[in-house]
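Undergrad: Listed below, chain by chain, are the residues.
Protein chains: 2
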Amino acid sequence: MARPAPLSGFPEWLPAERIVENHVLDTVREVFELHGFAGIETRAVEPVEQLLSKGETSKEIYLLSRLQASEDARSDKQLGLHFDLTVPFARYVVENAGKLTFPFKRYQIQKVWRGERPQDGRFREFVQADIDVVGQGSLPYHFEVELPLIMAEALGRLSEIGLPPVKVLVNNRKVAEGFYRGLGLDAVEETLRAVDKLDKIGPSAVATAIQQDAGATDAQARACLDLAAISGSDAAVLDDVLALAQRTGVSHPLLDEGIAELRSLLVAAARRAPGTIVADMKIARGLDYYTGSVYETVLVGHEELGSICSGGRYDTLASDGKQSYPGVGLSIGVTRVVSRLLSANLTSATRSVPTAVLVAVLDEAHRESSDVVAEQLRARGISAETSPDAAKFGKQIRYADRRGIPFVWFPAGSDADGNSTRHQVKDIRSGEQVDAEPAAWSPPPADLRPGVLPAVQD
Amino acid sequence: MARPAPLSGFPEWLPAERIVENHVLDTVREVFELHGFAGIETRAVEPVEQLLSKGETSKEIYLLSRLQASEDARSDKQLGLHFDLTVPFARYVVENAGKLTFPFKRYQIQKVWRGERPQDGRFREFVQADIDVVGQGSLPYHFEVELPLIMAEALGRLSEIGLPPVKVLVNNRKVAEGFYRGLGLDAVEETLRAVDKLDKIGPSAVATAIQQDAGATDAQARACLDLAAISGSDAAVLDDVLALAQRTGVSHPLLDEGIAELRSLLVAAARRAPGTIVADMKIARGLDYYTGSVYETVLVGHEELGSICSGGRYDTLASDGKQSYPGVGLSIGVTRVVSRLLSANLTSATRSVPTAVLVAVLDEAHRESSDVVAEQLRARGISAETSPDAAKFGKQIRYADRRGIPFVWFPAGSDADGNSTRHQVKDIRSGEQVDAEPAAWSPPPADLRPGVLPAVQD
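Chains as they are written, first to last, in full-length UniProt numbering: chain L, 1 to 458; chain H, 1 to 458.
Chain L with its partners taken away, still in its complex shape (with noise of 0.2 angstroms):
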């Protein structure tokens, strides 16, 4: 085959680059399953009116077709494969309801593929990490808590490679609505979908599509912009909406409601997660289905990468005719985290290999000693291979080098004179060469898998 060109927007990584996904999704993985979610996966593809029922996103959907469909295929369901891991997942719950056991917490780590337009950061296909709670008729409020805190957590810990600490942008749907319908504006969803647009198209463009979507006065317009401009850390904040609200004579039930949840998740995030969490009433989000708390993620100072981890609370996704299954969860986008550390040299591997020892060979009819060597390293959980040649030491080093394999081990035998030598291993990085044991000896317990480290900045 002539060299084939990558495609845009599929993105693949090289094997060092792969160590360092592999290290965030063992990660967030690891802070999931602390806190008790179970993993789940789904298949790749839905039948396409299942996709097609939620939202927006249609225009974005990959159909499947058999290349030869024979005459059984035709009455095959028209397959899409899925554009997220929440739409497979109310499916799967409603599917396996009575099996499952709720409060059901699950997380699901993916890809999910879109078939838009590729721009940094933005994929056809592409990894999600989800974590979501559903329940089964209702779901308590506190959950609504623990999930955004439960990613701030997972994301905090990748600052050990060198992930820029985030941000936790929080809204509730009850305040926005609750404020709206208190003003008078009932079009709910089109004013949401306005103040969505706010950080792209900006506050007067927006007021105008207030007025001309939601049919609202200048006035109405003005106080929805004004409680889009309300945001911090702490329940101060939530004084602010309270004040707004005296100002512009708003009063509603569902208003307190939203403030009260927001209240505690603000108080519990001050505990846990001090500065993490960010109180922002523009957050809207684009997906019709949220009811209650909204999330957005930035990392700080790369905010045009756009949001990294988001989500919120559904009420209504998943529903069997008799039962609903209420939920809360958030996705991290995995592809863009990882692609801005390894494009912003943010985090680099320390070697592109697992392999802590490579055994030397001396000659072929020597191989088997030194697979013999590389099996007792192996047996005490020390990656080793042996040489795939027999070429001068010098070459066998060059080898162990350029994969940044640290050690070399060259088996004890006879040497050109005959008399026996010992097991020897080496330190490339040091030279430094030592005798040792293939049952006793281990390396130091840094080199013994590759690292995943913050990148050194110049």
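To be clear, the hints were calculated from the coordinates, so they are not data collected in a lab. Beta carbons: idealized from backbone N, C-alpha and C, even for Gly. It cannot be assumed that every hint is accurate.
[As the list claims (entries may be wrong)] Derived CB-CB ranges, DEER-like:
1. H:368 <-> L:300: 21 to 31 angstroms
2. H:101 <-> L:453: 41 to 51 angstroms
3. H:138 <-> L:5: 25 to 35 angstroms
Position chain H against the provided structure of chain L, taking the given hints into account.
TA: Then chain H, alone, in the frame of chain L:
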């Protein structure tokens, strides 16, 4: 939504089943990394012409189209979902050759898709776990010895969770081709394709096929069947091949080369995995790109399931015109293995959630003190969750019981008479309840994570 039905051929696991699958995936990944294989992932899609260029699998490909393809999309390449991990890996190697070091050893664990008719053990979406070694220009034979032994080690480790023993069946295309050519039969592909059907259609139909498709005489066809009938797990089997060659007057340098290669594999296997590797002269593999060793693997007692780990040596899969990239690799059919572990009740998980401790909540006003206990446990690597509600303790214990969570924690507080109480933890299996400190107590190691154990057979 109405209760959705599963899609045939697209398996999904319940949480406790997914714990079994994750254990299998973690185990094989650990073995691959111990042997120095670097993990990569390729995108799920390839240009269709790339997928079509290899063998006879074209009919099984799923093509992609965008639901609302716009003008700019018309010029996009036609994409399809990959049907294995070998073809994408070959493309990855050629695409990134300048950034990789050779021989390049990689593992790859991903889903693949085939539009085949679903059957027991045969799916439309399934997970494969592959290892391959690829050289630039050349690749030493010893990798053809090492790779099946690594797979035997990975699958052998799964005996801990109830996987039956495996037999890796090996053959060498050079033996068959050398023997056929020595017989005067130059239609090697046709003969191999006929022999490959031996188990399905029986010897007399194979003999007829060899005569019709490969133009063989009756005597030649019988000799091919005699060769295919030879199998055994030690090097003595090669004496049978040599005796057959002598009896039928066959001599060919390729036959000698193949026998020498097989011999060194069987000698190494006798030391490293006695009884696991079986030379079987009827293994031919459907795909036409293998040029040396070929491998299939059966689960002892479940032979009708078909091969659970197959592969071989390929000299010509990847090339960029200037350079060839010969390789050898095997692929575990993870979904086939896991579905059998589950459907035959060979294995089960001890619980359906990672949680080791449920921290009870006295009342909602005291939720925070329960959260603090859970945080202290998690800080020491113990999976803990706070009870979703402040129901009666009996109900909270049933919450734990239904999920298999072994311990329930009762935080310090005060009882109904206002006397202060100490932290206590209850093993809900034995009923034993003891005082404990959140900063010091740990569960027994066996309870720390969900266990994956061989099921007790009746």
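Undergrad: Holds or violated: 25 to 35 angstroms for the Cβ distance of residue 138 (chain H) and residue 5 (chain L)?
TA: This hint holds: roughly 27 angstroms between Cβ atoms.
Undergrad: Hint says 41 to 51 angstroms; check whether the CB-CB distance for residue 101 (chain H) and residue 453 (chain L) agrees.
TA: Violated - the Cβ-Cβ distance for residue 101 (chain H) and residue 453 (chain L), about 21 angstroms, lies outside 41 to 51 angstroms.
Undergrad: Is the distance from the Cβ of residue 368 (chain H) to the Cβ of residue 300 (chain L) consistent with 21 to 31 angstroms?
TA: Since residue 368 (chain H) and residue 300 (chain L) have Cβ atoms about 28 angstroms apart, the given range 21 to 31 angstroms holds.
Comparing the model with each numbered hint stated earlier shows that hint 2 is the single one that does not hold.
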